[in-house]
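Participant: Listed below are the residues making up each chain.
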Amino acid sequence: MDYLHYPRSLSDLIIAFSRLPGVGPKTAGRLAFFLLQHSGEAEDLAEAIRIALRDIRQCSVCGNYTEEDPCKICSGQGRDKTMLCVVEQPRDVVALEKTGEYKGLYHVLHGVLSPMEGIGPEQLNLSPIFQRLEGIKEVVVAVNPTVEGEATAHYLSKLLKPFGLKVTRLAHGLPVGGDLEYADEVTIARALEGRRVL
Amino acid sequence: MVKMAVYSTDAIVIRSREYGESDRLITLFSREKGKIEAIAKGARKPRSTQRGGTQLFTYADFLLYRGKNLDTVSQAQPKESFIHLWNDFDRTIAASGMVELLDTAAPKEQPEPELFTLTLSFLFLLRHVDPYIAQAAFALRLMHSAGYLPALDECGDCGKSLRGEQAFISAEAGGLVCATCKNNRAVKALNPGSVALMHQLYKADLGMLDRLRWNKKVREEILGGLCFFCEHRLEKRLHAWRQGSEFI
Numbered sequence: 071m072d073y074l075h076y077p078r079s080l081s082d083l084i085i086a087f088s089r090l091p092g093v094g095p096k097t098a099g100r101l102a103f104f105l106l107q108h109s110g111e112a113e114d115l116a117e118a119i120r121i122a123l124r125d126i127r128q129c130s131v132c133g134n135y136t137e138e139d140p141c142k143i144c145s146g147q148g149r150d151k152t153m154l155c156v157v158e159q160p161r162d163v164v165a166l167e168k169t170g171e172y173k174g175l176y177h178v179l180h181g182v183l184s185p186m187e188g189i190g191p192e193q194l195n196l197s198p199i200f201q202r203l204e205g206i207k208e209v210v211v212a213v214n215p216t217v218e219g220e221a222t223a224h225y226l227s228k229l230l231k232p233f234g235l236k237v238t239r240l241a242h243g244l245p246v247g248g249d250l251e252y253a254d255e256v257t258i259a260r261a262l263e264g265r266r267v268l
Numbered sequence: 007m008v009k010m011a012v013y014s015t016d017a018i019v020i021r022s023r024e025y026g027e028s029d030r031l032i033t034l035f036s037r038e039k040g041k042i043e044a045i046a047k048g049a050r051k052p053r054s055t056q057r058g059g060t061q062l063f064t065y066a067d068f069l070l071y072r073g074k075n076l077d078t079v080s081q082a083q084p085k086e087s088f089i090h091l092w093n094d095f096d097r098t099i100a101a102s103g104m105v106e107l108l109d110t111a112a113p114k115e116q117p118e119p120e121l122f123t124l125t126l127s128f129l130f131l132l133r134h135v136d137p138y139i140a141q142a143a144f145a146l147r148l149m150h151s152a153g154y155l156p157a158l159d160e161c162g163d164c165g166k167s168l169r170g171e172q173a174f175i176s177a178e179a180g181g182l183v184c185a186t187c188k189n190n191r192a193v194k195a196l197n198p199g200s201v202a203l204m205h206q207l208y209k210a211d212l213g214m215l216d217r218l219r220w221n222k223k224v225r226e227e228i229l230g231g232l233c234f235f236c237e238h239r240l241e242k243r244l245h246a247w248r249q250g251s252e253f254i
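Listed in order, the protein sequences are those of chains A and B.
According to our numbering, the residues represented by the first sequence are 71 to 268, in order.
According to our numbering, the residues represented by the second sequence are 7 to 254, in order.
No lab work stands behind these hints, which were simulated from the structure alone.
Any given hint could turn out to be false.
Pairs of lysine-lysine, DSS-like flavour, derived with a Cα cap of 27 Å [what the hints assert, rightly or not]:
no., chain 1, residue 1, chain 2, residue 2
1, B, Lys47, A, Lys228
2, B, Lys194, B, Lys222
3, A, Lys96, B, Lys47
4, B, Lys222, A, Lys231
5, A, Lys96, B, Lys51
Hey, can you work out the whole structure from these sequences and the hints?
Facilitator: Laid out in structure tokens, this is it:
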């Protein structure tokens, strides 16, 4: 996009926005002009970004984003310290916590193995998991049910099995409210594998 | 000829990346149109009907809208999901290496029906053949199809027969060279056993590939040599090949 007609600081702002995921040049321009016309919101946004960058860090135990280290879940009472749930992203911790069904600990990988993108075990928060296995009886692998997620789950299970742990995977199947007709064969096959007696 | 705004094709998903809130950017290798870049909007949502059809390695019938830079997936009906590639880590790695090489070697929107059939056959073969044998055999056949096939019988420079001889794979020489001709070129050494097996990997009927066996040394030489050769010929780093050699 041609930014020559904009003042330097405005074109810098548009370029900064367009570096964000999912934001194209047109949206970046709209956001920049909106902030120029609404200086109150712009100040609030700048302050929120500044505070988040200052206060939020990765928990040294689980890798989740937190303001205090270790995070509330790792240091909290009332958590089941025999269960460890491995997730891809910090957002997945929030999704699982919202269910209220899981009371164990978490470990955030910050990605999955992706051979084609050059993401190997070294690029993930993987090795610290082996320092956390004392007292753990079950590891729940809760990465996304994609090819890369499955590869990560198999890799992890291969490494964890020698420790004599129970390694489980979140169930796959039909989404609630979904339509069997539109489900793909992998989903239906997994749903059949995981069928339950009523 | 006027290009249709909407078209249908059967294709294999050879790359699938997350994009934006819930979209997927996919690279398809289709029978009629060759390599196509497309976006599948909302395909990561649990109830999306395109979720299954846009997963990596899936062979599906696609309905696409032609766009200026990217085509848009309107429908993706899976025909084969290759579940065996999901359930086995080594098969995932080998299939990733195969489609990565295809993505690198195949030009955009240039139909290559033979290469399409070859790729589909190898994805099926991965059900029972040693995954890394399949990966090496696929690479040799793809490089032949793309016109980069290394000469496997004789030295690419002096024509000396390499049967029972140590050989060196060289991207610069376009294949194998003998010890005398390797000079100061960047090469990878291959023992006589590796040279003989490479020949079989290239020539054998697909149905015979499950009878081929190799030991660790031969496997490392062949996969390492092919990765070296393909990277130099295609001028691109092959991430999945390199990752694979770390895991084996």
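Participant: It remains to establish, for every hint, whether it holds in the given structure.
Facilitator: Verification of the hints:
Between the alpha carbons of Lys47/B and Lys228/A the distance comes to roughly 35 Å, so the proposed pair goes past 27 Å and is violated. This hinted pair checks out: Lys194/B and Lys222/B have alpha carbons roughly 16 Å apart, not beyond 27 Å. A hinted pair counts as satisfied when its Cα atoms are at most 27 Å apart, and Lys96/A with Lys47/B qualifies at roughly 19 Å. At most 27 Å may separate the alpha-carbon atoms for a hinted pair to count; Lys222/B and Lys231/A meet this at roughly 24 Å.
Between Lys96/A and Lys51/B, the direct Cα distance comes to roughly 25 Å. Compliance with the 27 Å bound is thereby established for this hinted pair.
In summary, the structure is inconsistent with hint 1 from the numbered list given earlier, while agreeing with all the others.
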